[in-house]
Amino acid sequence: MLLVDAKTMQEMDRHTIEAVGIPGIVLMENAGRGCTDVLLKEFGSIVHDGCLVVAGPGNNGGDGFVIARYLEQRQCKVNIICLCNLEKFRGDALANLNICQNLKIKIHECPDEETLNKRQAIFDSSAVIVDAIFGTGLSREIRGHYATAVSMINSSSAKVLSVDIASGLSSDTGIYSEPL
1 MLLVDAKTMQ EMDRHTIEAV GIPGIVLMEN AGRGCTDVLL KEFGSIVHDG
51 CLVVAGPGNN GGDGFVIARY LEQRQCKVNI ICLCNLEKFR GDALANLNIC
101 QNLKIKIHEC PDEETLNKRQ AIFDSSAVIV DAIFGTGLSR EIRGHYATAV
151 SMINSSSAKV LSVDIASGLS SDTGIYSEPL
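When we follow the working numbering, the leftmost residue of the sequence shown carries the number 1, and every step to the right adds one.
Heads up, some of the hints might be wrong.
As the list claims (entries may be wrong) - No more than 30 Å apart at the CA atoms, straight line, and that leaves these computed lysine-lysine pairs for DSBU-like:
| id | residue 1 | residue 2 |
| --- | --- | --- |
| 1 | Lys77 | Lys41 |
| 2 | Lys7 | Lys77 |
| 3 | Lys106 | Lys159 |
| 4 | Lys118 | Lys77 |
| 5 | Lys106 | Lys118 |
| 6 | Lys159 | Lys77 |
| 7 | Lys88 | Lys118 |
| 8 | Lys118 | Lys159 |
| 9 | Lys104 | Lys159 |
| 10 | Lys106 | Lys77 |
| 11 | Lys41 | Lys104 |
| 12 | Lys159 | Lys41 |
| 13 | Lys77 | Lys88 |
| 14 | Lys106 | Lys41 |
| 15 | Lys88 | Lys106 |
| 16 | Lys77 | Lys104 |
| 17 | Lys88 | Lys7 |
| 18 | Lys104 | Lys88 |
| 19 | Lys118 | Lys104 |
Just so you know, the hints here were simulated from the structure itself, not pulled from any lab data.
Here the structure is a predicted model, which is why all the values come from computation and not from measurement.
Use the sequences and the hints to build the structure in full.
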């Protein structure tokens, strides 16, 4: 397994898109399909009992939308919690959000602490949670309702799969930053 820091990962993504010519949406699709395969292999039938995808505002959230779609296609009970207003999504992440909306996957818009706290029952009832909040590019401490979401994931009894890296874990240092 190759481990790289955030800058190297960004350079690898840029090279793959620009020099190799693989569009970003294809990379997102491959990441989502790969994560879904891991979910089903590692957690088996409990994935069908209820899966929550917690999506951040960027491409990591877009990967989460792809995962939600693949799980929905496999007749899994899926909920998505978006930690921002849906209007903030752009590009490939927006395209995959639109697909989830077209498939009528349950999407809960939680752009603040108040709306997120009202969704505690979804965290509690999920057998599996997908952490698609932040990827390898995060370079700051997690605050506000993002920190609350990470705490809700960490305190849940659900199995957790993180896309790219656990939100709050630095891809540069390997040090976990406690949510503030």
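Verification of the supplied hints:
1. For the hint pairing Lys77 with Lys41, the CA-to-CA distance comes to about 17 Å; that is within 30 Å, so the pair holds.
2. Under the criterion of a C-alpha separation no larger than 30 Å, the hint pairing Lys7 with Lys77 is inconsistent with the structure, at around 36 Å.
3. Only pairs whose Cα atoms come within 30 Å are accepted, and Lys106 paired with Lys159 is accepted, the gap being roughly 20 Å.
4. The straight-line distance between the Cα atoms of Lys118 and Lys77 is roughly 19 Å, inside the 30 Å bound, and the hint therefore holds.
5. Between Lys106 and Lys118 the CA atoms are separated by roughly 15 Å; this keeps the pair inside 30 Å, and the hint holds.
6. In summary, the hint linking Lys159 to Lys77 is supported, as the alpha carbons are separated by about 15 Å, within the 30 Å threshold.
7. For a cut-off of 30 Å, the pair hint linking Lys88 to Lys118 stands: about 21 Å separates their Cα positions.
8. Distance hint between Lys118 and Lys159 is fulfilled; the C-alpha atoms sit about 21 Å from each other, no more than 30 Å.
9. For the proposed pair Lys104 and Lys159, the alpha carbon gap of about 25 Å is at most 30 Å, so the pair holds.
10. The suggested pairing of Lys106 with Lys77 holds, with an alpha-carbon distance near 9 Å, which does not exceed 30 Å.
11. Only pairs whose Cα atoms come within 30 Å are accepted, and Lys41 paired with Lys104 is accepted, the gap being roughly 26 Å.
12. Restraint check for Lys159 and Lys41: the C-alpha separation of about 13 Å stays at or below 30 Å, so the hint holds.
13. Note on Lys77 and Lys88: the hinted pairing holds, with a Cα-Cα distance of about 26 Å set against a maximum of 30 Å.
14. Proposed proximity of Lys106 and Lys41 is supported: the alpha carbons are some 24 Å apart, at most 30 Å.
15. Restraint check: the Cα-Cα separation between Lys88 and Lys106 comes to about 18 Å, which is no more than 30 Å; the hinted pair holds.
16. In summary, the hint linking Lys77 to Lys104 is supported, as the alpha carbons are separated by about 12 Å, within the 30 Å threshold.
17. Proposed proximity of Lys88 and Lys7 is supported: the alpha carbons are some 24 Å apart, at most 30 Å.
18. Of the supplied pair hints, the one linking Lys104 and Lys88 holds, its CA atoms being roughly 20 Å apart against a limit of 30 Å.
19. A hinted pair counts as satisfied when its Cα atoms are at most 30 Å apart, and Lys118 with Lys104 qualifies at roughly 21 Å.
Checked against the numbered hints above, the structure violates only hint 2.
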